[in-house]
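First to last, the protein sequences are chains A and B. Following our numbering, the numbering of the first sequence begins with 540 at its first residue and continues without gaps. Following our numbering, the numbering of the second sequence begins with 537 at its first residue and continues without gaps.
Mixed in with the good hints there might be a few duds.
As the list claims (entries may be wrong) - Derived Cβ-Cβ restraints for the label pairs, each shown as a range:
id, chain 1, residue 1, chain 2, residue 2, range
1, B, 567, A, 690, 30 to 38 Å
2, A, 720, B, 1075, 58 to 66 Å
3, B, 1192, A, 664, 48 to 56 Å
Claimed, not checked - Simulated coverage check for chain A against chain B, where a stretch passes if three residues somewhere in it have a Cβ under 8 Å from a Cβ of chain B:
id, stretch
4, 574-586
5, 597-611
6, 646-655
7, 689-702
It should be emphasised that the hints constitute simulated quantities derived from the structure, not laboratory data. Ideal placement from N, C-alpha and C gives every residue a C-beta, glycine not left out.
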Amino acid sequence: MPKPDYLHFFIDPNRCIGCQACVHACTECDTHRGESMIHLEYVHRPESVQTVPVVCMHCDQPTCAEVCPADAIKRTGDGVVQSARKPRCIACGNCVLACPFGVPEVYEDRKIMMKCDMCYDRSSVGKKPMCATVCPSQALFFGTQEQIAQLRPLSVPINTFQFGGQTITTQVFVMVPRALASRASHVDVAAAMDEQPRSRAVSFKVVADPPAQAMALESDPFAEVEV
Amino acid sequence: MAEIPVDPIRIIEGFGPHLSSMTGVRLSTSVEPDRLVKTHCCFCGQQCGIQLKVRDNQVIGFEPWEDFPFNRGMLCPKGVKRYLQGSHPDRLTTALRRDPSSASGFSPLPYTEAVARVASEISRIQERDGPGAMAVLGGASLTTEKTYLLGKFARVCLKTPFIDYNGRLCMVSAGAANKKAFGIDRTTNPWSDMVGTELIWVAGSNVAECSPITTNYIWQARELGAKVIVQDPRITPVARTCDLYLPVKPGRDAALFAGVLQIMIERDWLDHEFIRDYTSGFDQVAEYCREWTLPRTADVTGVPHALMQAAEWWGTVKTSFLFHARGIEHHSNGVQNSLGTINLVLASGRIGKPKCGYGTIVGQANGQGGREHGQKADQLPGWRDISNPEHRRYIAGVWGINEPDLPGPGVDAYELFRKIDRGEIKGLLSICFNPMVSLPDNTFIARCLDKLEFFVAIDFFLNDTAWHADVVLPGSLHEEDEGTVTQVEGRIIKINKAVECPGDARQDWRIIQDIAHALGRPKGFTFNEPREIFEELRVASKGGVADYSGVTYEKVTQQLGVFWPCYSEDPKTGEPVDHPGTPRLFERDSYNPVAKGSGPFYFPDGRARFNVADYRPPVEDANEEYPLYLTTGRVVSQFLSGTQTRRIGPLVKQYAEPLIEMHPRLAAKLGIADGDWATAETSRGAITLRAQVVTTIRPDTVFIPYHWAGRKSANQLTVAAQDPISKIPQYKVCGCRVRKADAAPEYAAILEPQQ
Chain A
540 MPKPDYLHFF IDPNRCIGCQ ACVHACTECD THRGESMIHL EYVHRPESVQ TVPVVCMHCD
600 QPTCAEVCPA DAIKRTGDGV VQSARKPRCI ACGNCVLACP FGVPEVYEDR KIMMKCDMCY
660 DRSSVGKKPM CATVCPSQAL FFGTQEQIAQ LRPLSVPINT FQFGGQTITT QVFVMVPRAL
720 ASRASHVDVA AAMDEQPRSR AVSFKVVADP PAQAMALESD PFAEVEV
Chain B
537 MAEIPVDPIR IIEGFGPHLS SMTGVRLSTS VEPDRLVKTH CCFCGQQCGI QLKVRDNQVI
597 GFEPWEDFPF NRGMLCPKGV KRYLQGSHPD RLTTALRRDP SSASGFSPLP YTEAVARVAS
657 EISRIQERDG PGAMAVLGGA SLTTEKTYLL GKFARVCLKT PFIDYNGRLC MVSAGAANKK
717 AFGIDRTTNP WSDMVGTELI WVAGSNVAEC SPITTNYIWQ ARELGAKVIV QDPRITPVAR
777 TCDLYLPVKP GRDAALFAGV LQIMIERDWL DHEFIRDYTS GFDQVAEYCR EWTLPRTADV
837 TGVPHALMQA AEWWGTVKTS FLFHARGIEH HSNGVQNSLG TINLVLASGR IGKPKCGYGT
897 IVGQANGQGG REHGQKADQL PGWRDISNPE HRRYIAGVWG INEPDLPGPG VDAYELFRKI
957 DRGEIKGLLS ICFNPMVSLP DNTFIARCLD KLEFFVAIDF FLNDTAWHAD VVLPGSLHEE
1017 DEGTVTQVEG RIIKINKAVE CPGDARQDWR IIQDIAHALG RPKGFTFNEP REIFEELRVA
1077 SKGGVADYSG VTYEKVTQQL GVFWPCYSED PKTGEPVDHP GTPRLFERDS YNPVAKGSGP
1137 FYFPDGRARF NVADYRPPVE DANEEYPLYL TTGRVVSQFL SGTQTRRIGP LVKQYAEPLI
1197 EMHPRLAAKL GIADGDWATA ETSRGAITLR AQVVTTIRPD TVFIPYHWAG RKSANQLTVA
1257 AQDPISKIPQ YKVCGCRVRK ADAAPEYAAI LEPQQ
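Can you make the complete structure from the sequences, with help from the hints?
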């Protein structure tokens, strides 16, 4: 049974509290029990407690699959990009190098690439992925577009990402503050000089700061504390 | 004789903490569970619903319980991995006796022989030195049934006044403040009231790490437009994106609240009607606040800029939710700090209405229920007062004893140790309490334990305090028993049994009853199941403020929780009633048995009390010799003294050992780099840990999490100063100095991280 097409995965890094409930929950999954497929990192712990959870984005045209010399990575009809197929995977690590989101990992001891498969054992039988079920801040959310629109009026789901000339659309959505979602960040000066086509501008909308956060980080709240 | 029998390293070799991991059936994907048991997490006061997967009398995993309304399947890492505490190599499956000739310091003892020995030692001590020579320590992670039975056991069977519990380290400041201001001690609103409110003020609560599920309520409130104020010396994960951050200096909270209230008074941001009709005492508070001018408050609190903004927001919104936790409560001024928040709430009039709440976040599973039914030194079941003659007569009647035979009030848990030190208490029975890790200045606690003539501990793992025990009785894990607990919102919920106790281990209430029987005083200790205890508790609580008389196991299961008070008879008419419980307190037209219709609060005149919330500097504040503030707290992957969580492999891996957190400006001054060994010292001791250098803490403050034992215990440093009313210890501030360590500590080469 495929994952129902009206259910989607949404990531909101702004909500993440870094607790790792998702990482632990992921190890309970039946397809890779004992191993977590979630990457949860501090952005820069010396200066912030901000953390970002990364699951597989399940690209519509998965770069990992495109670069796989063994044709080991398959995308099922419901849009879920599966872990490498054991009989085919040669553990070359091409997918690891190619994935723009840094998701796949090669497990050298087993000579195979494994990654998040959107809890296929659960999502294909109508359950939510384990990580999104347990996430205490609901930085990871699994539900319908209607639910997310109703629950998160301050942000909008984005699933188009630009990496150089490559435009990637994904099954997984990232929540971006509404005020920032409609405009691309200015990253590449050349893009503003009309000498390059617009598509050369590198736009990572997912890392844009919301206004509240920008305000919080702008000033050092401890500036007047003497040591 | 209660000294540690052998070198600690040998006890650790025998009893851990060792780590559990996913192995065998817990790792297999082909093994199906026999059944799923709906229950709750064994750790914090949120009490998230969870389903345990059970096969062959073993908990092999979990499945989220999405129908339970509080957490709807959400869990923190502790909840996800809680199942790994079962079938653990360190699990005690026999009784033990202290045995210096044994390699691990303890030898197995047949259970009945162990109970007989406990009874004979208790009898010997009490016959010689009187009933008060025995003391009992309980805990707020026990079910309400167990806490009720333990209180009854101490008073009726042992006839000692000396019982107290580890909630003394947790909820007593909030509880005392609630009692003084409202006449009842419970969070006022269900958490769902937070969603839709305009402003949330988080005072001294690292929500993301200590009560993670609450985070989603805050974020959801924010999606609907709420602003968030966070008051904390550290930029916690919730503070990171809050709308207003108050970087308060440790121990200055009462000053901050007084200063904010003063601004509200000056600008007339008050609900005069509410103050006039529903409160008393405002004028005295206003008089006190006059000295808290903005410049003075900013100077004392170390919050230079944000106070006016906080006052404006708090003063002018229509709906709000304020909650606090140990950050403002773990102080020698903890009750005043808590009263300061309540004054802000009462001045705003925003209480007792939808989307308007005030809450205290409980730390332990039964932080609420565990403080209501009689294991607290001054309390009898139903939140009754052990010094009140009428209350004493009622409970004596329920227990079938003469009122004069019921002991009077005892002393708080720390004072109880001072009594041991002075030789006034000779014997101790403890359960669900690990003071060697959790009490401040724990070098003193070790000395007291050494002085005991007889110490019996009931536990499922040999915790660090039980190292001193003469006899250890193997108790039950959370999943091996049933009963109720009352979680953070005041919602009574049902813990369900998933597996049987292993070996000689048995349910704690059976052990307590077995001791009563061995003492030859079985009357009142002949319950056959927790339900029978609960039925007696219902009667005992009836007519008290914490009235559970209308609660049944069936109602709790059907309603997915019942908020107390829940009456069996309508308090207004006296007629039998099928009462649904009371999710929201203090609604304007509500009737309670204390006010009898004169108002919504639990005083005879129905009015809430403003209390002057006096700022006093911390005991042993930062000074010339110890110029930094030391503050302590939790990390998300560990719980309390770590007896359980330091035994769960994946949780230990997440944050293995305590770190000293400090600001880079401080680190630069001290010549310390991230990852260096650093030594923190107070006048009580020193601790050497690795430094974590981060900008997310005040530069004049260092933070150490407290979950570890021995040479890694933060409570080697903390001061045993206590609040004069609540007796809560001042864990959150004391003077400290830090230097780069001369070398790695000795333990680093010997012990595993969790040990």
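>> Looking only at beta-carbon atoms, does the pair residue 567 (chain B), residue 690 (chain A) fall within the given range of 30 to 38 Å?
In response: holds, 36 Å
>> 48 to 56 Å was suggested as the range; check whether the CB atoms of residue 1192 (chain B) and residue 664 (chain A) agree with it.
In response: About 36 Å separates the Cβ atoms of residue 1192 (chain B) and residue 664 (chain A), which means 48 to 56 Å is violated.
> Has the stretch 646-655 of chain A got at least three residues whose CB is nearer than 8 Å to a CB belonging to chain B?
Replying inline: violated (count 0)
> How does the coverage statement for the stretch 689-702 of chain A fare against chain B, requiring three or more residues with Cβ below 8 Å from a Cβ of that chain?
Replying inline: Holds, because 4 residues of the stretch 689-702 of chain A bring their Cβ atoms closer than 8 Å to Cβ atoms of chain B.
> Checking C-beta pairs, does the stretch 574-586 of chain A have three or more residues closer than 8 Å to chain B?
Replying inline: holds (count 3)
>> Can you confirm whether chain B covers the stretch 597-611 of chain A, using C-beta to C-beta distances below 8 Å and requiring at least three such residues?
In response: violated (count 0)
> Is 58 to 66 Å right for how far apart the beta carbons of residue 720 (chain A) and residue 1075 (chain B) are?
Replying inline: holds, 60 Å
Taken one by one, the earlier hints fail for this structure at numbers 3, 5, 6, listed in ascending order.
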